[in-house]
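Please put together the full structure from these sequences, using the hints given.
Spelled out, the chains give:
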Amino acid sequence: MRFTRDLHSYSRTRITALGAIIVLAFLALSAIGVVGAYEGPIQAAAQGAAPAQEGSGPEANLPFLFAVYIVTWASFFAYVFYVSRRQRELQNEIRDLKRALEERDSQDS
Amino acid sequence: MAQSATVPIPATGPVRRTAGDLLLIGSALLMALTLYLVYMWVPTEQNLGVSQRIFYFHVPLGWIGMISIMVVAVASIMHLVTGRQKWDDLAYSTAEIGIIFASLILVTGAIWGKPVWGVWWTWDAKLTTTLVLWFIYVGYLMVRAYGPAGTQGKRFASVIALIGAIDAPIIYKATDWWRSAHPERNVPSDLNEKMLLTLMVSVLAFTVLYVYLLMERYSLRRSESDLDEIHQRFA
Numbered sequence: 062m063r064f065t066r067d068l069h070s071y072s073r074t075r076i077t078a079l080g081a082i083i084v085l086a087f088l089a090l091s092a093i094g095v096v097g098a099y100e101g102p103i104q105a106a107a108q109g110a111a112p113a114q115e116g117s118g119p120e121a122n123l124p125f126l127f128a129v130y131i132v133t134w135a136s137f138f139a140y141v142f143y144v145s146r147r148q149r150e151l152q153n154e155i156r157d158l159k160r161a162l163e164e165r166d167s168q169d170s
Numbered sequence: 182m183a184q185s186a187t188v189p190i191p192a193t194g195p196v197r198r199t200a201g202d203l204l205l206i207g208s209a210l211l212m213a214l215t216l217y218l219v220y221m222w223v224p225t226e227q228n229l230g231v232s233q234r235i236f237y238f239h240v241p242l243g244w245i246g247m248i249s250i251m252v253v254a255v256a257s258i259m260h261l262v263t264g265r266q267k268w269d270d271l272a273y274s275t276a277e278i279g280i281i282f283a284s285l286i287l288v289t290g291a292i293w294g295k296p297v298w299g300v301w302w303t304w305d306a307k308l309t310t311t312l313v314l315w316f317i318y319v320g321y322l323m324v325r326a327y328g329p330a331g332t333q334g335k336r337f338a339s340v341i342a343l344i345g346a347i348d349a350p351i352i353y354k355a356t357d358w359w360r361s362a363h364p365e366r367n368v369p370s371d372l373n374e375k376m377l378l379t380l381m382v383s384v385l386a387f388t389v390l391y392v393y394l395l396m397e398r399y400s401l402r403r404s405e406s407d408l409d410e411i412h413q414r415f416a
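Chains A and B supply the protein sequences, listed in that same order.
Quick note: the first sequence uses the working numbering, first residue 62, plus one each step.
Quick note: the second sequence uses the working numbering, first residue 182, plus one each step.
For the record, the hints were derived by calculation from the structure and aren't laboratory data.
One or more hints might be untrue.
Stated by the list, open to error - Simulated coverage check for chain B against chain A, where a stretch passes if three residues somewhere in it have a Cβ under 8 Å from a Cβ of chain A:
hint: 1; region: 202-211
hint: 2; region: 221-235
hint: 3; region: 258-269
hint: 4; region: 281-288
hint: 5; region: 334-348
hint: 6; region: 384-397
Here the structure is a predicted model, which means the values were calculated and not measured.
Where a beta carbon is used, it is the ideal one built from N, C-alpha and C, also for glycine.
Structure follows, in structure tokens:
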């Protein structure tokens, strides 16, 4: 089936790309030593002590908050974009089907 | 032509469209309110500073990520029991949205971990079990993409979803069962009233957004299944 084949190949591309990005991200993080490289503040936090903060002042960590906001909304917008694109592809499929049915009807008659 | 009269016609009913529109508007309004509360109203936590406000995004994403895998599991069980396509469509749609939420839990957690713990990632019990959940979502979708076509592939994926459901309570109890840097409870019992209200509004906003996305994706998935069936019938 063309439709099934297209759908599967599209999913494969998407999932393979996602997997590759994750593996590369972990490799990059491991290479620069940020994955599990720092134990001190974590142990302090586990013992109930005040956790460490980068920088000082009330707005010291504002970029991190900004990053969370951006990543969250960029992800949702990307997903909505993907869904709307699938919707367009389905509409094209329906149009092709209608055309095929009309051709079949005309051959039958 | 008699055959064309029996095929399913992908369509969106007016009730579903109205419900979708209402959910979208409600979600947008609640998100605007959440942003106001997070950035303008709620007090700044003394120890963690501004970075604590990530909490109002991170916790709702975490809850929905876990709820999502439970929905996938329940829909998968229903599909295994009844064999009806609509349950499989629901499971697939939820898994696809669930992986977005699960990814965002990990990413927002890492961004929060850097200023608080000093590292982006550590192999803490809560973080690791959440990563396992993410891999379960990926496994589910990979089986659907690469696995056997037809009912066999759907059954394999359903079993993966059930394994994912087992992971959800483990994530929740991870801080009780293992020594962890992550806060013991997702919502501390001594949380400030304003902080609690902001969190509740944020949870509600993300839940409405989740329901809206699920409704849209499920509708699309149903149409994909119907079209696939039509193609098979007319091939």
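| task | Could you work out which earlier hints the structure fails to respect and list their numbers in ascending sequence? | result | 1, 3, 5
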